[in-house]
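These are the residues of each chain, in order.
Protein chains: 2
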Amino acid sequence: MHTTILDDLRRALGPEALLTDPADCARYLTDWTGQFRGTALAVVRPASTEAVAAVVKLCAASGVAITPQGGNTGVAGGGVPLGNRPHILLSLDRMKAIRRIDAAARSVTVEAGCVLQQLQEAIAPEGLIFPLMFGARGSCTIGGNLSTNAGGSNVLRYGNTRALCLGIEAVMADGSVVSDLSGLRKDNTGYDLRDLMIGAEGTLGIITAACLRLYPAPVIRATAFLALPDVASALSVLNRLQDASGGLVEAFEYMPAPMMRQICAHHGKRPPMAEPPETGILLELASTRGDDAAPDPEGTPRLQALVTEVLAGLMEEGLVADAVICASEAQRNALWQLREGAAEAIYALKGSYMFDLSLPLAAVADFVAQTDAESRALGFEVYTVAHLGDGNLHYTLAAGAGRDWAALPHTAQIDRILDRVAALGGSFSAEHGIGQAKLPYMPRYRSKARLAAMRAIKGALDPDDLFNPGKTIP
Amino acid sequence: MHTTILDDLRRALGPEALLTDPADCARYLTDWTGQFRGTALAVVRPASTEAVAAVVKLCAASGVAITPQGGNTGVAGGGVPLGNRPHILLSLDRMKAIRRIDAAARSVTVEAGCVLQQLQEAIAPEGLIFPLMFGARGSCTIGGNLSTNAGGSNVLRYGNTRALCLGIEAVMADGSVVSDLSGLRKDNTGYDLRDLMIGAEGTLGIITAACLRLYPAPVIRATAFLALPDVASALSVLNRLQDASGGLVEAFEYMPAPMMRQICAHHGKRPPMAEPPETGILLELASTRGDDAAPDPEGTPRLQALVTEVLAGLMEEGLVADAVICASEAQRNALWQLREGAAEAIYALKGSYMFDLSLPLAAVADFVAQTDAESRALGFEVYTVAHLGDGNLHYTLAAGAGRDWAALPHTAQIDRILDRVAALGGSFSAEHGIGQAKLPYMPRYRSKARLAAMRAIKGALDPDDLFNPGKTIP
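The listed protein sequences correspond, in order, to chains A and B.
Take 1 as the starting number for the first sequence in UniProt numbering and just add one per residue.
Take 1 as the starting number for the second sequence in UniProt numbering and just add one per residue.
Isolated chain A, as found in the complex (with noise of 0.2 Å):
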């Protein structure tokens, strides 16, 4: 029946559209951290909408099921086909066309496999951009970022993928097409089937195109790195950035002192303060307007000139001990080097766990002092960077140098911890999705009604659960 199912394969796309040799299939059969290894019939590499249908058509009619994937870069084993069944591996690798740019209307039509820093770098000429930001950008497909929802830290200005897109065109499990990407802005004729793909990990249908939001760049930044007294001050201080610019802050990222000294050693820079403070904020506005790139009669571009002026009031409010204003790109560029320097110094750390939790903005400060005070107290080094205006931690406790991380109680500390967002009514997973990874904290952490609906929704569009089978839903 394989054999068969490969051949019909062959027929309906074309020879160069399967891979079938392992040595051609491991880099897609394995996740980028090594963690998740699958296996497949075959890597199928449709090259266009109409394929991605016949592909849907040829393995429900076999019962063969399919796993999308965009550029492997999950951290959550999503894309990754589990071993339950007879799989392949649909790659979206080919169908990377940018299909239209509408610079007028500020949106632009791209197929999914299409890598995120592509297409920004395609719109870059017409003065907009697409603000997604994260450390993969060279390499995540839009399709990827649209299936998990990615996040990462343009998030507070520009919101997550699901709000930067204005529709999809998709797949169903029965080969149909749902197409929806004209880019208006207000369609109110039934059901958000937009929003239900996005995020769904690919397990309710493929996302083959997208029509994405565009926005005009920016003329002008503002970027600073922050002591601020404590995490309780964070808000205050964000709240008042944000009304004294108009909403410009782009970045607002929590980098304390242990995690920065991780990020410099590791990576062998300086901090940008000698004593790295214990609340760390990298903080960026930019805007669009030409009057705040415009030289104040100091010659400060304006922008910047406010930013200034704001942080001299929290400082004599007590609200922020300590500032350094980037003076230049370059300075600029060292700043944001340390901060995306912080993935990989984080998974250099032998013997670790790293969290990715949202929490209520309001239960943050709380929640950091109690648990770091705890983990530190029970032998764990705590290691943190936040989107801290999302309410967003990656929180990892690490063994530390030359301790035993099973020695430690790290199992008990993990669910104590998991635990307590929960309490907080905090999100065990704020930006990484469930994929394999966070499949046992569903049923623990999320009400059955809410894993009984998704159970209805996952049946009612897949019922033979074609796509993905084994993620997202426990």
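A few of these clues could be false.
[What the hints assert, rightly or not] Here are some chain B residues the structure puts well away from chain A; computed CB gaps all over 10 Å:
| # | residue |
| --- | --- |
| 1 | 18 |
| 2 | 35 |
| 3 | 312 |
[To be verified] Examples of chain A residues lying across from chain B (beta carbon under 7 Å, computed):
| # | residue |
| --- | --- |
| 4 | 191 |
| 5 | 243 |
| 6 | 316 |
| 7 | 352 |
| 8 | 390 |
[What the hints assert, rightly or not] Below 20 Å or equal to it, Euclidean Cα-Cα: the simulated SDA-like pairs (lysine to any residue) are:
| # | chain 1 | residue 1 | chain 2 | residue 2 |
| --- | --- | --- | --- | --- |
| 9 | B | 458 | A | 455 |
| 10 | A | 57 | B | 57 |
| 11 | B | 458 | A | 464 |
| 12 | B | 269 | B | 257 |
| 13 | B | 57 | B | 3 |
Calculated directly from the structure, the hints in this document are not laboratory data.
These numbers come from a predicted model, not from an experiment.
Note that CB positions come from ideal geometry on N, CA and C, so glycine has one too.
Using the hints provided, position chain B relative to the given structure of chain A.
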């Protein structure tokens, strides 16, 4: 059986929760336009989420359908029960509590029956706004806003109701409660039930409460009435204003001469320009920045000076023909009274049909030019008022004084216009929803694949068709 369900409901909720006297029920069972009338065994007014769940369980057990209703201000008949089944009307009007204002996190948790304006007044002392803005705000409710994904004139800046909602609480068809009210900015733990329930017009469950985003109140506004040379200039004008102001445009409302004359005639007002322009635009920008409110050397607030400067540049380029900038709050109010008087002025036209269209932004100008000319050639008068920045046109055909609507080819012309909208990738219902009124257009203009997906979801979440049967899905 029906006596039994009423007795059961009385017992469960208390007798004060049931209305059965036709005189008491009348205002719930007829919509405000007088176009839709329904019947129900009773109007049931639960006062808590638990009571709503109890009603759902009792009705499910008896096979009695439930039509939920908010402020009964919809225009598509979605909140009025059909006579196709034994029904109750479930009014949320006793659930109007504002559960929690979290000023620092810029969010509010509110029950579904709270009137929009009451919410707005309650948060005003915090210096915050909930930016949804349209004529019915004095009587529409948050639950209705969510269930219809309400739009209005501020969508350009803040998005529609869906974009303003962080989470919902809803009662599902089995009486279970899904709740997500902790106000998280990021949470990728499964399917997006929130956005699925929003805009579902009460056919998938009953929204009982929501956590909503709040924004800082502007400290300065700049309001103007513009004459453009043509609709084709509008998108360039809007984009230039957005870029120069950093996205501060809150309203960009199209009010062409015939509409302006009808509004002025109906309300006995004077137009902002002695000779109303063919392409008139009500423009408003708003800023929370203190430096935008500060006066320039001539004493003009910076934002107004900025708008004046941009408009002067656009006039030199011929993209704007004339502009009246409001110099006082009184002038601004007068302009907005005209805009807000549009609906009433349109409803006063005897013999007319109003579309609620949306189009891709690039298609608007040609659509208007072609459809205006063609409709007038057929003997219609055309009255348009539009949220032009969203591509959303309230487009009205009317017979005009002394002419007979019945004698005009209105059916054919309405169909021709709807077909044109569809061919351009537009929507036949931008913000008014489907309800009963627009149900026939669903199979005509929405694909089989989309309708099949909607039906599958409805069948999965409400297998006995308990919620608002006969609405939304054809």
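Structure-based check of all given hints:
no. : hint               : verdict
1   : 18                 : holds, 27 Å
2   : 35                 : holds, 18 Å
3   : 312                : holds, 14 Å
4   : 191                : holds, 5 Å
5   : 243                : holds, 5 Å
6   : 316                : violated, 16 Å
7   : 352                : violated, 22 Å
8   : 390                : holds, 4 Å
9   : 458(B) with 455(A) : holds, 13 Å
10  : 57(A) with 57(B)   : violated, 40 Å
11  : 458(B) with 464(A) : holds, 18 Å
12  : 269(B) with 257(B) : holds, 14 Å
13  : 57(B) with 3(B)    : holds, 16 Å
Hints 6, 7 and 10 from the earlier list are contradicted by this structure; the remaining hints agree with it.
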